[in-house]
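Sequences are here, hints too, so could you generate the full structure?
Letter by letter, the chains look like this.
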Amino acid sequence: MALDYEESKQKIIEGLKKKQKTKSKFYFNDLSKILNAKPREAKKIVNRMVEEGLLEYWSSGSTSMYGLPGTGKQAAAEHED
Amino acid sequence: MAKHETPMLDQLESGPWPSFVSDMKALAEKRAKNEEGIEFQIPTDVVEDILGVLELSYKHGRTHWKHGGIVGVFGYGGGVIGRYCDQPEMFPGVAHFHTMRVNQPGGKFYTTDYLRKLCDLWDFRGSGVMNMHGSTGDIIFLGTTTPQLEEIFYEMTHNLNQDLGGSGSNLRTPSDCIGQARCEFACYDTQDLCYDLTQEYQDELHRPAFPYKFKFKFDGCPNCCVASIARSDLSFIGTWRDDIKIDQEAVQAYIGGELKPNGGAHSGRDWGPFDIQKEVLDLCPTKCMWMEGKELKIDNKECNRCMHCINVMPRALRIGDDRGITILAGAKAPILDGAQMGTLIVPFIKAEPPYTEIKENVIEPIWDWWMEEGKNRERLGELMKRQGLQKMIEILGVDPDPRMVQEPRSNPYIFWKEEEVPGGWKRDIKEFRKYHQR
Ligand code: HEM
Ligand code: SF4
Ligand code: SF4
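Chains as they are written, first to last, in the numbering used here: chain P, 1 to 81; chain A, 1001 to 1438.
Since the hints were derived computationally from the structure, they do not count as laboratory data.
Some clues are possibly wrong.
[As the list claims (entries may be wrong)] Keeping only pairs whose Cα atoms sit at most 25 Å apart, straight-line, the calculated DSS-like set for lysine-lysine is:
hint	chain 1	residue 1	chain 2	residue 2
1	A	Lys1391	P	Lys38
2	P	Lys21	A	Lys1434
3	P	Lys33	A	Lys1391
4	A	Lys1375	P	Lys19
5	A	Lys1385	P	Lys38
[What the hints assert, rightly or not] Rough simulated footprint, nothing fancy, chain P against chain A, three-plus residues with beta-carbon under 8 Å:
hint	region
6	1110-1122
7	1208-1216
8	1292-1300
[What the hints assert, rightly or not] From chain A, some residues computed to sit far from chain P (all C-beta separations above 10 Å):
hint	residue
9	Ile1042
10	His1067
11	Glu1150
12	Gln1162
13	Asp1192
14	Asp1203
15	Ala1227
16	Phe1274
17	Glu1279
18	Asn1361
For each residue, glycine too, the CB sits at the ideal point set by N, CA and C.
Printed below as a string of structure tokens:
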């Protein structure tokens, strides 16, 4: 069954906000876990959220992560917070 | 006069090799003079500042680059790697110094006109420093600022017919050997398969959702010119399953010295007359070749297609006619776990467009498995180690094959499951007691 976009979107936003205190960047796996979905299904939702500017990418060059826009502070990548 | 003193870098130039320091100094000077009158879109002295920050890193014994960043072009989660300097006041030219990965053409064929266009674009909107090519295969553009990214992307995609490559947790830019375009050893059309999969998997290339990077590489034959066996999560190596074709007259011509071995490649000094016994037969790893009078014989079922004899006597020996691909999985450089070479998972598969079997029976089941089971930053090869070759075989739905055993004792643990055994684990105790006492 295809996931409902609006519902999934809310789940991800809430899920990430809840963890905001300790973490600002998330692996793709963390997102599919929040949705409790197969990776390929989750990817459709995540892609659309990026397109709509609700999520943004962060990359070290070798690994990619996702975050809510404006929250993926550089300091977090250098383990400062 | 150089902007920064760089005594340690200068010392590197004294070695006997071509020096990147000399190259960068030459480029810095060229930008400073700007005889072509380019309207540089990023600081003119960017190259001087790279040299400066590198010298400082040598002095401090630590890097002055920050770790990663949130930059890219719209719709893509790869292809751009954000780089920021942590000493921007000292080196403003490299405060922002993002890398772009450019998807190299198949077989790395270029026209000079196209190369010039790439260079012009990068001189105008970037540092002018580039690397041809990274070990992933792509063209690396080193150093530009955020506002230039979309401009460069637009120019490449609209006027140069050129896409960005992969980076991050994506499918990386697939890369192939020159193949059938110029090489008689090619057992399949590497460029066609590379291009086909690049188009088919655009989403995987540009939008990251894998646990980590994933690489495809295509070698037309076991000579492995792009080293797929060592550098790609899925390595496609051309092979054949019939016999090596022998031209006995040409064999004699090699023996008689009319034809030069190895296509004349070993011409640096006089190695003496060609000795087929010593240089070919004795070096065959499976010892499956011999001479019967004037006839060269090969026991083809023992041949492991190492390519040695064909490389030495290309006019006399040819790859077979029933051609296809061997697929290996799991090669990687050391990061979480040690370095690994690929493990054979598909001994032979035909390589014919539209490659449906390769896509649906090999690539996609492997991705589904790895995306679900792979831990963050775990490469396919590490997952294979963690869950075992048997799991991989199950995913592919193939039978275990002795050719999957890398060498004795490395991965021979294949167990029967109850449903695979006639009658399962249950036994008729009366029948059993007929043969075995209590
Ligand atoms: C002038 C400076 C630099 C040069 C010449 C350079 C060159 C390269 C090259 C040639 C590659 C290999 C690409 C490939 O495999 O195709 C590479 C990869 C990489 N570079 Fe750099 N680089 C530079 C600066 C940096 C900086 C400052 C960082 C980090 C802050 C960095 C991080 C990386 C990473 C993480 C990769 C691997 C990406 C992957 O997973 O494939 N590089 N670089
Ligand atoms: S890998 Fe084989 S087919 Fe490809 S270029 Fe090298 S020798 Fe030729
Ligand atoms: S390809 Fe290698 S293994 Fe096969 S016959 Fe030639 S030397 Fe022997």
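**Report entry** Minimum Cβ-Cβ distance from Gln1162 of chain A to chain P exceeds 10 Å
**Finding:** At roughly 21 Å from the nearest Cβ of chain P, Gln1162 of chain A sits farther out than 10 Å, so the non-interface label holds.
Practice item. Beyond 10 Å from every chain P Cβ: check whether that's true for Ile1042 of chain A. Key: 20 Å, holds
Given hint Lys19 of chain P paired with Lys1375 of chain A - CA-CA distance at most 25 Å: 20 Å, holds
| said: For Asn1361 of chain A, is the shortest CB-to-CB distance to chain P above 10 Å, so the non-interface label stands? | reply: 17 Å, holds
Next on the checklist: For a C-alpha distance cap of 25 Å, please report whether Lys1391 of chain A and Lys38 of chain P respect it.
Outcome noted: 19 Å, holds
*Given that the region 1208-1216 of chain A was listed as covered by chain P, double-check it with a C-beta distance under 8 Å for 3 or more residues.*
It holds: at least three residues are needed, and the region 1208-1216 of chain A offers 6 whose Cβ sits within less than 8 Å of chain P.
When you look at the beta carbon of Phe1274 of chain A, is every beta carbon of chain P farther off than 10 Å? 47 Å, holds
Assertion that chain P covers the region 1110-1122 of chain A - criterion: three or more residues, beta-carbon distance below 8 Å: violated (count 0)
Given the hinted pair Lys33 of chain P and Lys1391 of chain A, is their Cα-Cα distance within 25 Å?
Within the cut-off at roughly 23 Å; holds.
Please verify that the nearest CB of chain P lies beyond 10 Å from His1067 of chain A's CB. 5 Å, violated
| said: Checking a non-interface call: every C-beta of chain P should be farther than 10 Å from the C-beta of Glu1279 of chain A. Is that right? | reply: 43 Å, holds
Is the hinted pair Lys21 of chain P and Lys1434 of chain A satisfied, with a Cα-Cα distance of at most 25 Å? 71 Å, violated
Hint check: violations occur at hints 2, 6, 8, 10, 14; the rest are consistent with the structure.
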